[in-house]
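Spelled out, the chains give:
Number of protein chains: 2
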Amino acid sequence: MKISVANIILISIMLVTLPCFVRSQNITSHSNEYYNEVADSIINHALKYQTGYKWLSELCEIGPRLSGSEESIKAIFWAEEKLKSIGCDSVWLQPVMVPHWVRGNTEKAYISSSKLYKGKELSVASLGSSIGTGEKGISAQVIEVHNFEELKNLGDKTQGKIIFFNRPFNETIVNTFGGYGDAVDQRFLGAVEAAKVGGVAVIVRSVTSRYDNVPHVGVMAQIDTVKHIPAVAIGLIDADFLSEALKKDPGLHLTLKMDCANLPDAQSYNVIGEIKGSEFPNEVIVIGGHFDSWDKGCGAHDDGAPCIQTMEVLDFFKRLKIEPKRTVRCVLFINEENGTRGGIEYAAYADTTKEVHLAAIESDRGVFTPRGFTVTADSLILDRIQSWLPILNLSLIDYVRQGYGGVDINQIRNIKALIGYDPDNQRYMDVHHSANDTFESVHPREMELGSAAIAILTYLINEEGL
Amino acid sequence: MKISVANIILISIMLVTLPCFVRSQNITSHSNEYYNEVADSIINHALKYQTGYKWLSELCEIGPRLSGSEESIKAIFWAEEKLKSIGCDSVWLQPVMVPHWVRGNTEKAYISSSKLYKGKELSVASLGSSIGTGEKGISAQVIEVHNFEELKNLGDKTQGKIIFFNRPFNETIVNTFGGYGDAVDQRFLGAVEAAKVGGVAVIVRSVTSRYDNVPHVGVMAQIDTVKHIPAVAIGLIDADFLSEALKKDPGLHLTLKMDCANLPDAQSYNVIGEIKGSEFPNEVIVIGGHFDSWDKGCGAHDDGAPCIQTMEVLDFFKRLKIEPKRTVRCVLFINEENGTRGGIEYAAYADTTKEVHLAAIESDRGVFTPRGFTVTADSLILDRIQSWLPILNLSLIDYVRQGYGGVDINQIRNIKALIGYDPDNQRYMDVHHSANDTFESVHPREMELGSAAIAILTYLINEEGL
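First to last, the protein sequences are chains S and Y.
Take the first sequence: its position 115, counted from the start at 1, is 115 in my numbering, and no numbers get skipped.
Take the second sequence: its position 308, counted from the start at 1, is 308 in my numbering, and no numbers get skipped.
If we strip away everything but chain S, and leave its shape as in the complex, we get (with noise of 0.2 Å):
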């Protein structure tokens, strides 16, 4: 830790006038330049060494790690080894069965019949959990829609065409996310809506905020009660093609040709690593991200780097020797993307243990610039911890507001609060469920900042309790 000759002078006026402010405090509290100093180190280091930065490089060398596949398990070993080496109390692996859906080697659409635009390849990419097509594809006629409605109003026009969903990302919402939201009904929603009016496969257009011709996948809803059918997502170069192509030429016939498929569920693990809390062990602060990702890209910002923030606290405190007073574990829940089995596995564990759950912070938005902290907690928290925002903002968090914690740490019951780290998001739905998604979309300094950022707020309710 760094102390400047200003900062012995600060602490020497402490220790005289201090004792009569500390009483009036908390008695576990350290004064704001104690924590001020704590957090410039943290920040120093992580600027300075760019660790995890180092590991997500390892990280993608191994591979996207779609739930159930070869490289999800080489790096659960990857993270578990490194969770070892920072020098972890304990690391266990946490058994989860994930679904296993698997991509093929076939995903491929073409206009088969068209006097203008025959032969014509479309970039496409089989969405997660959907059918293949079978080897001889699927041909049919394509319908344009934007919605569920203009969907259903058009009777029996739909029958046995392929449905291609077009409805724009709506750039003018400020948080990606929204415009995210605004879209995405259509890729989760899509088929299941298509089959119930007699589609036989599904065209989405991208989620995305990015005008490029990358696919960008995601999982897809399929019920029991509903035929299943074959979708894909197409990039939007190729979107806005076809639909200019429809309008030339209602009656071309597209063929896709899918070999996805669902296997049996496959044995998978949630990486856990602590740091025992040397005053308070039962108490446990639980930080972390999915491990798992689609296979497009290699993951790094969706979900990788977010996990390997989380990794870096424990590897600042160990560096920085700052011994926690709760237990600080890291989890890398898997299979978010498609079951949000290792948030459920994790939560059903905090349930049976005699541990008490205080906070939980999830880092799944990317990792852009630091902006804040979103809170699902008892207002009387939120304002406990909104008073550590200028302790906070040496690491660019503006604000702590109340709001959505993260799906892996959502199903934990009975913790007092759930948090979302909130990073900058206006290149994130660039690069999300895409082959976009690679190391080089990743920035060392905006990562490490939000490293630091956990960092400190770990610490910090860490130190002070909620």
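One should not assume that every hint holds.
[Unchecked claim] Calculated pairs, DSSO-like style, for lysine-lysine (alpha carbon to alpha carbon, straight line, at most 27 Å):
no.	chain 1	residue 1	chain 2	residue 2
1	S	Lys-247	Y	Lys-48
2	S	Lys-248	S	Lys-118
3	Y	Lys-247	S	Lys-48
4	Y	Lys-74	Y	Lys-84
Hint data in this document are derived by calculation from the structure and do not stem from the laboratory.
Keep in mind the model is a prediction, meaning the values are calculated, not measured.
Put chain Y on the given structure of chain S with help from the hints.
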């Protein structure tokens, strides 16, 4: 403007309850709800049409805008035409004589004598204002130093040597302008200090936070009483290579060849466009940036896109039929990078005009996601601007704090508030003054949210006064 049912109900309630509220306020003010609606309409327009981003692609097509260059004049005419096409009440060019430095065709550094490294070329670029080396070039031994004190302590060892300043960018400073400020003395004063101790040329480690081999240029000082010597910036990879090479072969010789030159001052212009105030035409709000750039990349972040953000403010006002009460004037200052002549010239005009300059907002820190505004003003004025934070926050402005305005607007005397737009800066030094500063490095949403933020603040100052 979007008016929802909820807003109609709200407005109906306000019609009953507002009068008593209004009485206690400045009579020129509108309700916060009204301001929120205006702000929303600006943000929606910005994100929907992304007009400024399209303009940026046109500007980058013209090329970089080094003061005195042909491209800079082309760009000035482009901006003049664009401001006219917006529908400004007046558009004019303010003549400014500017320094005319030219890079020439040659900027080359290679190891000319060494058993180990002979022939190795290094990635360098001449610094602005540097003299050339003459056709033969300069060949000499190289001495690496990290600061001016170390240089002075070398005694006569520096005589006849090429001085290599290699102090790295300080990554631990959270605000990257801090890291820049921490290292830039080497670039700005390196040649002066080296010449004082008999150095014959200077190589400076690029002041950047991105680890690549792209040299980052910028202006260097020249003092009449100290011999002028040539100086180049070197890419980080080659800076590290050279440092390692010097350890193994301290006697190696480097040859520098540069044909850059300082020509006589050239005719140039500030570009000015304005919408006249309907109630107080004599009260002026200046918004702008500097229109010149370095000649690597296209000066997208520095400072093409920021200039366009302020042009776009006028476009929003025209498209959304916002008629300002006070005059809103966009000034694109020429020659900030190597002379500030445009800023000085405009300030001279401001001194003599009978207009009152109320406030100036400068955008010159890139066009990343908005974070805040920094203000040089009396505390009560700062309080007033801070009271608008809930409205500004719609465009992601989290703070308004006492701080720097900008190089160009700071030339203006007799003005109530000098305001700097302060977006996220984590990626700024990656591109600053280098070939990395391209159209592709700009994100449309990040840029447009900044345009909206500046427009909202301009609108509020215009409505409320200061």
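Now for the hints, and whether the structure bears them out:
no. : hint                  : result
1   : S/Lys-247 / Y/Lys-48  : 24 Å, holds
2   : S/Lys-248 / S/Lys-118 : 13 Å, holds
3   : Y/Lys-247 / S/Lys-48  : 24 Å, holds
4   : Y/Lys-74 / Y/Lys-84   : 16 Å, holds
The structure is consistent with each of the numbered hints, conforming to all of them.
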